[in-house]
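**Q** Construct the entire structure; sequences and hints are all you get.
Each chain, letter by letter, is given below.
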Amino acid sequence: MGRRVVSFLIVVAALSGALWLGGLALAVQDQFFSVAKPPTKEQRPPTAETRQHDEKMDIVALGDSLTRGTGDESGKGYVGYMVDALRRQTDRPIRVTNLAIRGLRSDGLLRQLGQPEIQRQVAMADLIVMTIGGNDLFQGGEALRLNAKQLDEAKRRYAANLDHIFAALRRFNSEAVIFAIGLYNPFGDLNDAKRTSAVVRDWNFASAEVAARYPNIVAVPTFDLFALHVNDYLYSDHFHPNAAGYKRIGERVASLITLTEEGEQ
Amino acid sequence: MSKLVYNEMLKIVRKKRLWVIAAIIAVLVALFTYAQYRETEELRKRLGTTDWRTQLQQQIVDLQNRLQSPSMSEEWRKYLQIRLKQQQYYLEHNINPSAPGAPTFMRTFIENAIDLFLPLLVMVVAADLVSSEASAGTIKLLLVRPVKRWKILLSKYIALLLSVSLIMLMAAVLSYAISGLVFGYGGFRLPLLTGFVQQGEDLNTANVHMIPQWKYILIELGLAAFVSVVVGTLTFMCSVLLRSTAAVMGIMLAALISGAILSNMVSSWHSAKYLFMVNLRLTDYIKGAAPPIEGMTLGFSMAVLAVWGLAGLLVAFFVFMRRDVY
Chain A
737 MGRRVVSFLI VVAALSGALW LGGLALAVQD QFFSVAKPPT KEQRPPTAET
787 RQHDEKMDIV ALGDSLTRGT GDESGKGYVG YMVDALRRQT DRPIRVTNLA
837 IRGLRSDGLL RQLGQPEIQR QVAMADLIVM TIGGNDLFQG GEALRLNAKQ
887 LDEAKRRYAA NLDHIFAALR RFNSEAVIFA IGLYNPFGDL NDAKRTSAVV
937 RDWNFASAEV AARYPNIVAV PTFDLFALHV NDYLYSDHFH PNAAGYKRIG
987 ERVASLITLT EEGEQ
Chain B
62 MSKLVYNEML KIVRKKRLWV IAAIIAVLVA LFTYAQYRET EELRKRLGTT
112 DWRTQLQQQI VDLQNRLQSP SMSEEWRKYL QIRLKQQQYY LEHNINPSAP
162 GAPTFMRTFI ENAIDLFLPL LVMVVAADLV SSEASAGTIK LLLVRPVKRW
212 KILLSKYIAL LLSVSLIMLM AAVLSYAISG LVFGYGGFRL PLLTGFVQQG
262 EDLNTANVHM IPQWKYILIE LGLAAFVSVV VGTLTFMCSV LLRSTAAVMG
312 IMLAALISGA ILSNMVSSWH SAKYLFMVNL RLTDYIKGAA PPIEGMTLGF
362 SMAVLAVWGL AGLLVAFFVF MRRDVY
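Protein chains in written order, with my numbering: chain A, 737 to 1001; chain B, 62 to 387.
It should be emphasised that the hints constitute simulated quantities derived from the structure, not laboratory data.
Just so you have them, the derived chain B footprint on chain A, three or more residues with Cβ under 8 angstroms:
1. 750–763
2. 854–868
With a straight-line cut-off of 20 angstroms between C-alpha atoms, the simulated SDA-like cross-links for lysine to any residue are:
3. B:212 / B:371
4. B:72 / B:306
5. B:77 / A:740
6. B:76 / A:748
For each residue, glycine too, the CB sits at the ideal point set by N, CA and C.
**A** Right under this line is the structure:
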């Protein structure tokens, strides 16, 4: 324990003391005097990863509250029931990535597909299920408020967005089967059911037409599932399905999946 | 004067306490590192996927869904939006915000050590600086020398400041070096958010901004050093006032522990915010955590601590100058 050690320690202590003072000054400067600027964005190319041909089945769910499962007390939604049904049929491990956002419209989905990580998830998927368009048609979920002219305009815009969406999905992932789930008429028991049903049918037809332009995109109807006793299958908001409604949708999609897979092999 | 300081530093080094402190830090950091390691392993097993990007994307979608909820206060919405932006920022820059790395460990370590562990280590050095001389009687030898009394005390105080600085350095270096063995040494450029201000029930997000982790850690170290100096000064004062080192330790320990307990129960006792021991968690303000008492801010806490520290220093010098030594 020489004098050198002590002198050395004093110097080190003084130097690190200056560092702590600097930190303190930085704290004062940063917390009291800095002008907040919003975090800047800087894009980076997504890492190139594509669908892996492994045993695991990757399912990506996209879209709006229907895919999210709003209205189902158990929170499963049709995606959950679909996976339940699939698990009964296969031992393959299934991984679900649910990227649906409540209230999403076709333009919102198109924007979401611009995110690199979403693109990566889509690229890795073995199967894609999606619902979109419900919020484009029933704005706010109250009732059909648009008149004929507005409806035509909304449909035109929706079909154009859907075309872009499908094109983008096919660009990121050329193989995975896409199930585009159609709309039902939640207002089937109201006075103007005739009109709303006609509009929903028309809307579904437009979706199916767009889907038909691309390979391996299947438009799945749900209109018939809710045609009779619609209130038995709707949640208390009279718009979203309840657990029973979701179960019907989920089982319908699940039945399609097995068929398609056997067809592939 | 420099010789006096050197002399005091020599005494501290001779007592070998600094090495004991280094050993304590090393052992505890190794323990915490192992605990953290076990936890991350556990998490990995539970979530099934090792792909952090998938997890983060899922969190983002969850946030976006919560933002759709109509019954949400404007402030809370803003806060969630900022968190959303932060997470998207992480994703776009390919940074894993929960990536275990030595800098992340260091940051959490300082945040948790600032109110009890670091002050405790400082007390180990500060508690007997004067009282041991008084109880051993060596104070007389010190005071008969032709040096002004305040110079003697000042040299002791400077030696204390140097020791605090060394303790902080040991904590920083050891926590980085040891945890890095397990978690890796990278991660200093990880961007983090700071500048949240709690206003009652609401959150003021006007000043939120992003800083790299190295800057964040430096800020936290600066604040921790400030807290350590204040606690060290108060211990120093007690050491002047009392002859028994054990009594000094007892009083300061009681104060620190009462601070930790009080922080959890004083939210309705507003004047408690003027006690130094509930103001020790300065790093919480950087993080954006709620303060123990409404209305406390970083500036307030720093001011309270500074006043206590200065008062302690004045009392120490006043008493030391006036006291009869026999």
